[in-house]
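Residue numbers (the working numbering), protein chains in the order written: chain D, 19 to 294; chain U, 511 to 801.
Derived from the structure by calculation, the hints contain no laboratory data. Treat the hints loosely; a few may be bogus.
Claimed, not checked - Label-pair ranges, simulated between beta-carbon atoms:
hint: 1; chain 1: U; residue 1: Asp656; chain 2: D; residue 2: Val50; range: 31 to 37 Å
hint: 2; chain 1: U; residue 1: Thr765; chain 2: D; residue 2: Ile292; range: 48 to 54 Å
hint: 3; chain 1: D; residue 1: Ile103; chain 2: U; residue 2: Pro661; range: 51 to 57 Å
Cβ atoms here follow ideal geometry from the backbone N, Cα and C, with glycine treated the same way.
Spelled out, the chains give:
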Amino acid sequence: MLGRIRREAESIAINGSGIQGVQSISANYASVAQPLRNLGINSIKYAPQGPQTATLDVSNLLINTLPDSAPATSKELMQNFTGDIAFSGVVNHGTKNFIFTEGYMETYSVSCAIGQIPQVSTSSVIYGEFGTGTLANVPTDSFPSVVNIPSYSSMEINLDTFNTNRVSSFNVNIATPRLPLYAVGNDVPTGVIAGTPVEVNVNFSIEPDDYEIKNMRFVPDQTVFQNTVITLKKNNSDTTLLTYSFNDMLLTSESFQGGVDSSATVNFNLRSFILR
Amino acid sequence: MATVFYDKASVSVDWGTVGETLLASDFTVNLSSSAQPLYAIGNKGSLGQFPTSARVGDVSFNFITSLTGGHYGQRGNLINFLASGIKHSVGSMASGVTISGAGVKGIGFLNSYSFNVASNSISTSSASFTFFGSGTQLPVSGRLTDSTAVPPGGGAELATGVAHGRYTPLTTLQTTINPGGGDAQVGTVFGADYSISFNHNPIYKMGQEFPVTSLYTTAQESINVTEDIFQSGLAFDETASDYTIDLHGLDTASTEDKMQLKMISGKQVSTSMSAGLDDIVRSQKTLTASY
Numbered sequence: 019m020l021g022r023i024r025r026e027a028e029s030i031a032i033n034g035s036g037i038q039g040v041q042s043i044s045a046n047y048a049s050v051a052q053p054l055r056n057l058g059i060n061s062i063k064y065a066p067q068g069p070q071t072a073t074l075d076v077s078n079l080l081i082n083t084l085p086d087s088a089p090a091t092s093k094e095l096m097q098n099f100t101g102d103i104a105f106s107g108v109v110n111h112g113t114k115n116f117i118f119t120e121g122y123m124e125t126y127s128v129s130c131a132i133g134q135i136p137q138v139s140t141s142s143v144i145y146g147e148f149g150t151g152t153l154a155n156v157p158t159d160s161f162p163s164v165v166n167i168p169s170y171s172s173m174e175i176n177l178d179t180f181n182t183n184r185v186s187s188f189n190v191n192i193a194t195p196r197l198p199l200y201a202v203g204n205d206v207p208t209g210v211i212a213g214t215p216v217e218v219n220v221n222f223s224i225e226p227d228d229y230e231i232k233n234m235r236f237v238p239d240q241t242v243f244q245n246t247v248i249t250l251k252k253n254n255s256d257t258t259l260l261t262y263s264f265n266d267m268l269l270t271s272e273s274f275q276g277g278v279d280s281s282a283t284v285n286f287n288l289r290s291f292i293l294r
Numbered sequence: 511m512a513t514v515f516y517d518k519a520s521v522s523v524d525w526g527t528v529g530e531t532l533l534a535s536d537f538t539v540n541l542s543s544s545a546q547p548l549y550a551i552g553n554k555g556s557l558g559q560f561p562t563s564a565r566v567g568d569v570s571f572n573f574i575t576s577l578t579g580g581h582y583g584q585r586g587n588l589i590n591f592l593a594s595g596i597k598h599s600v601g602s603m604a605s606g607v608t609i610s611g612a613g614v615k616g617i618g619f620l621n622s623y624s625f626n627v628a629s630n631s632i633s634t635s636s637a638s639f640t641f642f643g644s645g646t647q648l649p650v651s652g653r654l655t656d657s658t659a660v661p662p663g664g665g666a667e668l669a670t671g672v673a674h675g676r677y678t679p680l681t682t683l684q685t686t687i688n689p690g691g692g693d694a695q696v697g698t699v700f701g702a703d704y705s706i707s708f709n710h711n712p713i714y715k716m717g718q719e720f721p722v723t724s725l726y727t728t729a730q731e732s733i734n735v736t737e738d739i740f741q742s743g744l745a746f747d748e749t750a751s752d753y754t755i756d757l758h759g760l761d762t763a764s765t766e767d768k769m770q771l772k773m774i775s776g777k778q779v780s781t782s783m784s785a786g787l788d789d790i791v792r793s794q795k796t797l798t799a800s801y
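Full structure from sequences and hints, please.
Below, the structure written as structure tokens:
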């Protein structure tokens with residue numbers, strides 16, 4: 019009988035912590051083995067060309083936070099890997115599993131729209147092992163996360179223009195560049211440097227009232243810098259769970275859409291760079 | 511006219527009773543005859559173009575650094591064996607080797623040989639030879655034709671017999687700075703480029719176009735090593751060290767899957783560092799030796 023694996027038999031743990039509210043997992047590698055080509059070629063022989071890496075993409079609802087006692091920078095587990103910390107983990111599917119080691123996050127994003135629970139999406143590169151094997155020396159989570167579900171209806175967005183203009187969705191994207199260092203004689207990096215600067219993009223979609231599209235020319239009196247603070251609160255309460263705060267974000271794009279059967283909408287992007 | 515596709519244009523090197531087909535990625539042969547016009551008073555135009563020196567040719571090719579050969583007890587490809595033999599030779603008489611590709615061949619004298627090793631990459635080499643000809647023998651002969659004798663085989667396998675940066679640690683080239691006090695630093699080697707060039711002196715005599723023999727004179731050898739350590743204390747003296755390089759292939763369990771060369775009395779003559787955006791500060795040192 020053919021079997022299949024459904025969501026109840028799938029799970030992912032990172033550094034010993036089970037990730038909750040997972041909506042999707044995507045893990046893949048592509049072999050760097052390439053056939054040698056030469057004048058007079060008469061056989062196919064493969065050799066690795068370039069460093070072997072894998073990628074891991076995880077998307078999960080933001081329904082758990084770390085307790086106040088956890089020694090972490092952010093209460094959102096995945097956001098803590100935007101720094102220079104590597105992670106290892108395992109993905110279980112049915113009776114099988116695969117491991118990954120020396121994972122470094124390259125992008126982190128959180129998004130929310132009206133009627134949704136905030137969702138976190140991450141993309142990481144695996145520089146260590148990927149596939150079969152066993153994990154060793156993986157730290158276990160001594161600070162188990164607790165259920166805390168934020169809601170679109172209980173969040174605060176601190177941006178002057180939103181007093182009269184209604185936000186319908188937002189997206190925060192943090193790109194953390196990595197520089198692996200490969201010495202001769204090794205197939206894993208001797209080190210992975212957390213690059214700088216870190217690029218942060220915040221996109222808003224609003225239904226405007228008196229919002230005014232700015233002049234696209236990059237001239238001093240039309241250049242807009244704004245501080246952005248997004249506060250996620252526990253559903254139907256005033257308890258703050260997470261705060262995304264960025265200073266001096268530059269307005270880099272705006273778009274306007276109007277239609278016969280919908281309200282006018284404006285999308286705009288704010289960008290900043292953070293030096294580590 | 512001949513139509514020779516690349517899969518029938520293998521490059522071979524033969525010396526005495528040993529020979530090897532190289533994993534060449536390109537192959538270029540040039541043959542030239544220098545001529546100079548002669549002018550004379552009372553004549554308009556030139557009297558004709560007359561040869562001013564013997565016809566000579568040259569060949570150059572790049573190839574994957576193969577390790578599968580074994581020549582007189584030395585593991586590695588035939589080009590590396592030739593370079594090692596010439597630089598360590600005690601006599602000055604040089605015998606050429608037969609280089610052939612796509613039906614064209616000549617007896618060449620090794621001018622230069624180089625290879626590189628970089629992390630997670632296949633090592634590639636390059637070589638160039640000069641064809642002087644000899645006695646009545648032309649520098650280059652033959653015509654374009656298929657030169658692959660071995661028919662294609664089926665299946666696929668790992669390329670175990672090629673040098674690879676993943677399995678070549680080059681620990682002998684690491685820079686160590688030890689000022690004492692337990693503050694020693696050892697460099698991390700990211701790659702190395704090796705090269706050697708030879709000087710030959712063909713001996714010509716009256717009454718014969720091509721040389722009667724060719725003499726090997728000198729050789730210059732260098733290794734450029736890329737690291738993450740800067741040696742500011744270059745020695746201003748005559749000290750020198752030997753450096754042995756072992757190139758390894760994918761088959762780490764095999765003792766035959768390697769090639770070795772040795773720089774005798776090598777001396778570090780330069781060091782440099784460079785910084786660029788989005789990268790670490792890397793340094794490079796140059797070791798040289800002369801023979």
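Consistency of the hints with the structure:
1. U:Asp656 with D:Val50: 31 to 37 Å: Once the Cβ atoms are compared, 33 Å apart, the range 31 to 37 Å for D:Val50 and U:Asp656 holds.
2. U:Thr765 with D:Ile292: 48 to 54 Å: holds, 52 Å
3. D:Ile103 with U:Pro661: 51 to 57 Å: holds, 55 Å
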